[in-house]
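Novice: Letter 368 of the sequence shown, counting from 1, is numbered 617 in our numbering, and no numbers are missing.
By construction, these hints were calculated from the structure, which means they are not laboratory data.
All C-beta atoms in this analysis are idealised placements derived from N, C-alpha and C, irrespective of residue type, glycine included.
Hints should not be assumed to be uniformly reliable.
Under the rule of at most 27 Å between Cα atoms (straight-line distance), these lysine-lysine pairs were calculated in the DSS-like manner [to be verified]: (1) LYS620 x LYS573; (2) LYS715 x LYS653; (3) LYS573 x LYS594; (4) LYS547 x LYS653; (5) LYS326 x LYS399; (6) LYS342 x LYS319; (7) LYS618 x LYS634; (8) LYS403 x LYS579; (9) LYS638 x LYS653.
The following label-pair restraints were derived from C-beta to C-beta distances [to be verified]: (10) LYS555 x CYS420: 19 to 29 Å; (11) VAL270 x LYS351: 14 to 24 Å; (12) ASP580 x LEU464: 19 to 29 Å; (13) GLN273 x SER385: 46 to 56 Å; (14) GLU581 x ASP386: 17 to 27 Å; (15) LYS300 x LYS547: 18 to 28 Å; (16) VAL270 x GLU581: 41 to 51 Å; (17) GLN318 x LYS645: 54 to 64 Å.
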Amino acid sequence: NDMDMDDSEFDNLMFGNNVKVLLQDMDIIKWREDLEHDMKILDMILVEAKKITPDRDGKLIELRSMVRQKINHPINKDNRKIIIFTAFADTAKYLYENLSGKLRENHIYTALVTGSGDNKSTLPIFKEMKKEIKISDLNTVLTLFSPVSKECSKIFPEFHGEIDVLIATDCISEGQNLQDCDYLINYDIHWNPVRITQRFGRIDRIGSKNDAVQLVNFWPMKDLDEYINLQQRVKGRMVLLNVSATGDEDVIETDENSEMKELEYRKKQLEKLKNEVVDLEDISGGISITNLTFNDYKMDLMNFMKDNRELLEKAPSGMYAVAKIEDSIKDEAQPGVIFALRQLKGVEQSKEQNPLFPYYLVYVADSGKVKLNFINAKKVLDYYKKLCKGHRVVSKSLVSEFNKETKDGTDMKHYSDLLEIAIENIIGKKQEMGVKSLFSRGGTTMQKSFFSGIEDFELITFLVLK
Numbered sequence: 250n251d252m253d254m255d256d257s258e259f260d261n262l263m264f265g266n267n268v269k270v271l272l273q274d275m276d277i278i279k280w281r282e283d284l285e286h287d288m289k290i291l292d293m294i295l296v297e298a299k300k301i302t303p304d305r306d307g308k309l310i311e312l313r314s315m316v317r318q319k320i321n322h323p324i325n326k327d328n329r330k331i332i333i334f335t336a337f338a339d340t341a342k343y344l345y346e347n348l349s350g351k352l353r354e355n356h357i358y359t360a361l362v363t364g365s366g367d368n369k370s371t372l373p374i375f376k377e378m379k380k381e382i383k384i385s386d387l388n389t390v391l392t393l394f395s396p397v398s399k400e401c402s403k404i405f406p407e408f409h410g411e412i413d414v415l416i417a418t419d420c421i422s423e424g425q426n427l428q429d430c431d432y433l434i435n436y437d438i439h440w441n442p443v444r445i446t447q448r449f450g451r452i453d454r455i456g457s458k459n460d461a462v463q464l465v466n467f468w469p470m471k472d473l474d475e476y477i478n479l480q481q482r483v484k485g486r487m488v489l490l491n492v493s494a495t496g497d498e499d500v501i502e503t504d505e506n507s508e509m510k511e512l513e514y515r516k517k518q519l520e521k522l523k524n525e526v527v528d529l530e531d532i533s534g535g536i537s538i539t540n541l542t543f544n545d546y547k548m549d550l551m552n553f554m555k556d557n558r559e560l561l562e563k564a565p566s567g568m569y570a571v572a573k574i575e576d577s578i579k580d581e582a583q584p585g586v587i588f589a590l591r592q593l594k595g596v597e598q599s600k601e602q603n604p605l606f607p608y609y610l611v612y613v614a615d616s617g618k619v620k621l622n623f624i625n626a627k628k629v630l631d632y633y634k635k636l637c638k639g640h641r642v643v644s645k646s647l648v649s650e651f652n653k654e655t656k657d658g659t660d661m662k663h664y665s666d667l668l669e670i671a672i673e674n675i676i677g678k679k680q681e682m683g684v685k686s687l688f689s690r691g692g693t694t695m696q697k698s699f700f701s702g703i704e705d706f707e708l709i710t711f712l713v714l715k
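Please build the complete structure, drawing on both the sequences and the hints.
Specialist: What follows is the structure, given as structure tokens:
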């Protein structure tokens with residue numbers, strides 16, 4: 250039938266969000282029985298969970314012991330600072346409630362930071378201070394926790410207290426300089442090893458005053474196979490997402506002999522991380538590690554396309570924007586350009602080589618250095634999201650600066666040079682000619698005659714970072 254499932258007229262006849270089902274097609278009696286069965290299981294889980302009080306929580310008791318040991322026997326002289334990461338806000342609040350009180354009795358001050366903004370601290374605020382401090386402000390908490398790297402003396406010159414223990418979710422796992430701290434605990438392990446390494450990157454940074462830093466991981470169980478046995482569950486979720494988005498059969502995985510190999514690879518990476526220190530560069534790229542994390546961007550795009558599909562379809566290739574580098578990533582990002590290119594013809598790459606094929610993302614700094622290439626697509630998209638999401642209007646001052654620099658777009662030599670570097674990085678060959686054609690009016694494809702063994706590319710967009 251030709252019924253439009255998105256028509257609001259049928260809302261009362263359907264159930265579900267991504268996958269909509271007509272109520273008349275559902276077995277209501279069996280559905281009710283399944284719901285009642287689930288309710289019994291949840292009630293049983295709740296009863297069992299209530300038996301685990303803080304005094305009987307072995308993991309919490311072990312954490313208390315670690316915190317006490319570190320404070321009494323610091324790794325670096327007089328450094329009592331600890332970061333405790335957890336993936337869940339509820340867990341963070343639980344830890345704060347059961348750690349902060351006892352620590353305060355010993356003049357060790359704790360802070361809680363979550364993405365919901367429910368931040369707090371046991372650090373006392375002195376009334377005689379002229380400048381009021383809101384301890385719930387994220388930047389204030391982090392400044393008081395890492396006063397040297399965050400230059401607290403300049404921001405709060407009258408304040409002399411410090412936060413010693415920071416309990417946080419992944420809302421601070423990127424873009425923060427917290428290298429005053431020398432001890433980081435992962436109270437739970439994120440399924441993506443990149444996230445674990447990003448957490449450790451908060452303290453393992455250039456400019457650290459510490460001679461040594463330590464990472465402690467709480468593993469969920471001794472057998473990682475049991476923990477990472479997500480293959481069928483995750484594949485089912487991805488197929489469901491794919492069907493609901495495209496209406497087609499599963500196109501995510503067609504080779505039954507290599508079903509979801511990236512999960513097996515992720516398990517190996519976690520095992521490696523359990524036994525040795527892994528550099529972020531060793532695991533930050535490639536579809537095997539980051540494939541599932543692209544779902545975040547797919548969902549953002551799907552939500553945007555609900556009201557803007559026609560706008561995107563009509564958008565011409567070669568569009569660009571100018572974005573200001575935010576303070577949160579100014580230590581990592583540099584002025585330059587992020588190019589989005591599409592390969593029109595030529596040798597196809599596997600998803601392991603390029604998760605976005607036939608598209609390529611390359612971030613080139615103004616200096617000509619390739620900061621991130623297509624292998625690091627996830628990181629490039631992270632930059633895109635931080636720089637662009639929520640900004641619907643381009644800064645006039647940035648555009649004015651760009652127009653002055655390029656003589657209103659007539660002199661694009663600098664950006665042609667950067668694009669040449671980007672394409673050289675993709676194909677591994679220096680192109681002597683042809684790059685300028687991508688910036689010419691109506692010419693966003695590089696002509697075949699200018700290539701040596703590689704077919705045409707199309708410039709989809711470029712984002713200028715200032």
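Novice: Now, for every hint given, state plainly whether the structure supports it.
Specialist: Hint check results:
Proximity of LYS620 to LYS573 is assessed by CA-CA distance (about 17 Å); at most 27 Å being required, the pair is judged to hold. Straight-line distance between C-alpha atoms of LYS715 and LYS653 comes to about 14 Å, which keeps the hinted pair within the 27 Å bound. Between LYS573 and LYS594 the CA atoms are separated by roughly 34 Å; this puts the pair beyond 27 Å, and the hint is violated. At most 27 Å may separate the alpha-carbon atoms for a hinted pair to count; LYS547 and LYS653 exceed this at roughly 36 Å.
A hinted pair counts as satisfied when its Cα atoms are at most 27 Å apart, and LYS326 with LYS399 qualifies at roughly 20 Å. Between LYS342 and LYS319, the direct Cα distance comes to roughly 21 Å. Compliance with the 27 Å bound is thereby established for this hinted pair. Annotation: proposed proximity of LYS618 to LYS634 holds, straight-line Cα distance about 22 Å (limit 27 Å). As the CA atoms of LYS403 and LYS579 are separated by approximately 19 Å, the hinted pair is consistent with the 27 Å bound.
The hinted pair formed by LYS638 and LYS653 meets the criterion: a straight-line CA distance of about 26 Å does not exceed 27 Å. Restraint check, LYS555 to CYS420: a C-beta distance of roughly 27 Å satisfies the suggested window 19 to 29 Å. Evaluation of the 14 to 24 Å hint for VAL270 and LYS351 yields a failure: the beta carbon distance comes to about 52 Å. Between ASP580 and LEU464 the beta carbon distance is about 20 Å. The supplied range of 19 to 29 Å therefore holds.
Separation of GLN273 from SER385 is about 50 Å and conforms to the stated range, judged on CB atoms against 46 to 56 Å. In this structure, GLU581 and ASP386 meet the distance hint of 17 to 27 Å, their C-beta atoms being roughly 23 Å apart. Between LYS300 and LYS547, the C-beta spacing of about 40 Å breaks the proposed range 18 to 28 Å. Range check, VAL270 to GLU581: Cβ separation about 45 Å, and the 41 to 51 Å hint holds.
Between GLN318 and LYS645 the beta carbons are some 56 Å apart, a value that agrees with the proposed interval 54 to 64 Å.
In this structure, the hints that do not hold are numbers 3, 4, 11 and 15, in rising order.
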